[in-house]
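Undergrad: Here's the letter readout for the chains.
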Amino acid sequence: MAIKSETLEKNNPLLVPETKKMIDQILEENKDLPGATMVILNELQSKIGYVSEPMQAYVAKKLRVPQSLVHGVVSFYSFFTTYPRGRHTIKFCMGTACYVGGAPQLIEKAKQILGVDPGQTTPDGSITLEVCRCVGACSQAPVVVVDEESHGRVRPNKFPQIIRAIQEADQAR
Amino acid sequence: MAFFRSHILVSVDPECLKRGAHDIVDHLHDELVAQGLIDEVQVLETSRIGDPYAYGPDIMVYPEGVHYVNLTTNDIPYLVHEHFLKGRIVQKFVEQKPVVVDEELGPPKPKEVRVVLRNCGKIDPNNIEDYISEDGYLALAKVLTEMSPEDVIEHIKRSGLRGRGGAGFPVGHKWQLARASQETPKYLTCNADEGDPGAFMNRRVLEGDPHSVLEGMIIAAYAIGASRGYIYCRAEYPIAVKTLNIAIQQAREFGFLGENILNSGFSFDLEVRMGAGAFVCGEETALIASIEGKRGEPRPRPPFPTVKGLWNKPTNNNNVESYANVPQIILRGADWFASMGTEKSKGTKTFALAGDLNNTGLIEVPLGITLREIIYDIGGGIKDNKGFKAVQIGGPMGACLPEKYLDVPIDYESLLSVGGLMGSGGLIVLDDETCMVDIARYFMEFTQDESCGKCVPCRVGTRRLLETLERICKGQGRHGDIELLEELCENIRSASLCGLGQGAPNPVVSILKHFRHEYEAHIYEKRCPAKVCRDLISYEISKDACTGCTVCARNCPVNAISGERRQTHYIDPDICIRCGICAQVCNFNAVMIK
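Chains as they are written, first to last, in the working numbering: chain A, 1 to 173; chain B, 1 to 594.
Extracted from the complex, chain A is given alone in its bound form (with noise of 0.2 Å):
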């Protein structure tokens, strides 16, 4: 019972006090704008990490609109996550110059290390694997984005590296 409530609280940031406030205030700053629920929703995304299904239900009702309707949105775009991510993504751009330039290499390299495939994250919640679209930087070709911060021209023997730099500072946290 105890896994139970403590996966209910991870998934509903509204029992948090801090947390509720955030996603409080952003609703508030933005439920007025046409075309709101997009606005909110990415807001939340960047904000709060994810728009799980509690946090969806209380979009729709302040919005006042079916929850369908924001769950609808939510599923349709491939930002949105359900699930808290890891505290660092490594994101592989699978556009065609960063796949003919050798991505798949490094995802493979990626899953040997962590153990985990692309979509998933380690077991202790430090790192997520993601697949991402083409993120326009294909001259660097192949990319992997680190939280926000993009690698270009990543070759497999040196992508250790790179992961072992964010275990270190996941560590020392």
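Everything labelled a hint here was simulated from the structure, so no lab data went into it.
Fair warning: this is a prediction, and the values are worked out from it, not measured in the lab.
Be careful, since some hints might not be right.
[To be verified] Here's a subset of chain B near chain A, in silico, CB distances under 8 Å, partners left out: (1) G198; (2) F200; (3) G258; (4) M274; (5) A276; (6) E292; (7) R295; (8) N312; (9) N358; (10) G361; (11) Q392; (12) T434; (13) N555; (14) C579; (15) I581.
[To be verified] In the SDA-like style, the derived pairs of lysine to any residue whose C-alpha atoms are separated by at most 20 Å in a straight line are: (16) K61/A <-> N30/A; (17) K47/A <-> V241/B; (18) K454/B <-> G72/A; (19) K18/B <-> H151/A; (20) K531/B <-> E470/B; (21) K454/B <-> E148/A; (22) K18/B <-> E29/A; (23) K294/B <-> F80/A; (24) K513/B <-> E470/B; (25) K383/B <-> R372/B; (26) K111/A <-> R578/B; (27) K18/B <-> S75/A.
[To be verified] What the simulated footprint calls covered on chain A by chain B, stretch by stretch (three residues with Cβ under 8 Å from a Cβ of chain B suffice, anywhere in the stretch; the number is not a length): (28) 32-45; (29) 134-147.
Just so it is clear, CB atoms sit at the ideal spot from N, CA and C, and this is done for glycine as well.
Fit chain B to the supplied structure of chain A, relying on the hints for placement.
TA: Then chain B, alone, in the frame of chain A:
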């Protein structure tokens, strides 16, 4: 506007930022204040100057054109004192080698004509005064004081400007349709959802010269009578969003946006809306749905957005590059613009060169130039002396064209006539080690994933296409697969709702047409001629070339390689997943693909 005797450009490229470029900016500023020079020397943030991995953080000082590299904050007081107070160049920080690149956008190459990119890399995008000093907002002033909306539309029509998003609808004509719609309010949208993999022209314009897009939009708004505008920018471009927001704020402060612009009585304002990672939102009706806060699903046209668009009101939607052309057309004249290009395709077009080329990056060329000129004269030919195989033009809805079409002039009609598409401007060059069936599969994976799922031909059809292609790549192709692909492609093309579905089969069809033998080799001979498809190849280590350095064994993700130091290594084919890392890391070319 203030005049400065010296300008310091600080590279704030991501790599330089990591190496402390912002601290350099702060220290420069503080030191200039401390030494009483802040009114004489201006510090500007700019994109990449030299190679940040070798030089970062680096700065460029004008008018001398001195490139100081590998600076630390401790060097700043001395540097400022020597260079700006005493006027002596500090040799120990100077890099003599000429600044090679901005890898994305170098100095104009022969055959390039820069209209849209003219200011990129030259001005500070975060400072509206820089743009104004390059005749910025002069076109707007001219339009608001000397021209009626009809004049503007007539002018743009005469220039022959066509939509730069790829389809090539005449811009002036679209504006006229939007103007003719009676309902109010009218809206203006800018499509900055540059989703094609391999295309980054719009990002560069938004990050490097955002005001040219804003000015174009304000002029368009005046022409059609719109009161509010939205720039829909994809979420993958956070820097562009930030730059745009700063630009909009500054334009408001200067009275170019808001109520009663330049005392003309015309009012217009705009804001940025962010996408959330859906490729289909580049389709105009889907883009509109997304701005409205809904799922980005396209709807049938007509009614076209110029009649019923955003919130069911008339809406004019153009691409970033289309808008960025507008101020120059107003200033330099429709005839000047029409003097470039071909009979039906006027002006210049930006292209993002990527793939196996010697010079990748952004270029802007007059339409009518040939692919051969772009690839060999500007792109410097194929990398590593390999052979040319194909050029992918027009993004995932575009085509792969073989060598025989390299002399086709690039304009909307000529490309269509060879089964291609202008698209937004991504040009990816593939060398002779590329497997074309694998490329077809890659694009289908993309469109299949990005299909919004609204209409059946696209949702189900692209999945069936992908499954068939995956089967072929795995060596499980069957007799009749090629015919099946052809039939599926035709059905998806003719029955889908929007451009995504209608264009989705294009890569498969063009590769079937030009590289049919590769499909046949995969299906009938179970062989991948380019040695790419994993299930059809195996890796072996050459006894003669292997030095036993163990690099491959250490990098193998599945420990399939065994062998003692200084002994020939061996790859166990049962464990090997054919990822190719060993071949990439081997310094002696000892790993062979069979």
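Undergrad: Confirm or reject each hint.
TA: Cross-check of the supplied hints:
no.: 1; hint: G198; in the structure: 4 Å, holds
no.: 2; hint: F200; in the structure: 4 Å, holds
no.: 3; hint: G258; in the structure: 18 Å, violated
no.: 4; hint: M274; in the structure: 5 Å, holds
no.: 5; hint: A276; in the structure: 3 Å, holds
no.: 6; hint: E292; in the structure: 5 Å, holds
no.: 7; hint: R295; in the structure: 4 Å, holds
no.: 8; hint: N312; in the structure: 12 Å, violated
no.: 9; hint: N358; in the structure: 12 Å, violated
no.: 10; hint: G361; in the structure: 5 Å, holds
no.: 11; hint: Q392; in the structure: 7 Å, holds
no.: 12; hint: T434; in the structure: 7 Å, holds
no.: 13; hint: N555; in the structure: 5 Å, holds
no.: 14; hint: C579; in the structure: 4 Å, holds
no.: 15; hint: I581; in the structure: 5 Å, holds
no.: 16; hint: K61/A <-> N30/A; in the structure: 14 Å, holds
no.: 17; hint: K47/A <-> V241/B; in the structure: 16 Å, holds
no.: 18; hint: K454/B <-> G72/A; in the structure: 13 Å, holds
no.: 19; hint: K18/B <-> H151/A; in the structure: 11 Å, holds
no.: 20; hint: K531/B <-> E470/B; in the structure: 16 Å, holds
no.: 21; hint: K454/B <-> E148/A; in the structure: 33 Å, violated
no.: 22; hint: K18/B <-> E29/A; in the structure: 33 Å, violated
no.: 23; hint: K294/B <-> F80/A; in the structure: 14 Å, holds
no.: 24; hint: K513/B <-> E470/B; in the structure: 19 Å, holds
no.: 25; hint: K383/B <-> R372/B; in the structure: 15 Å, holds
no.: 26; hint: K111/A <-> R578/B; in the structure: 15 Å, holds
no.: 27; hint: K18/B <-> S75/A; in the structure: 34 Å, violated
no.: 28; hint: 32-45; in the structure: holds (count 9)
no.: 29; hint: 134-147; in the structure: holds (count 8)
Figure legend: structure checked against the earlier numbered hints; hints not met, in rising order: 3, 8, 9, 21, 22 and 27.
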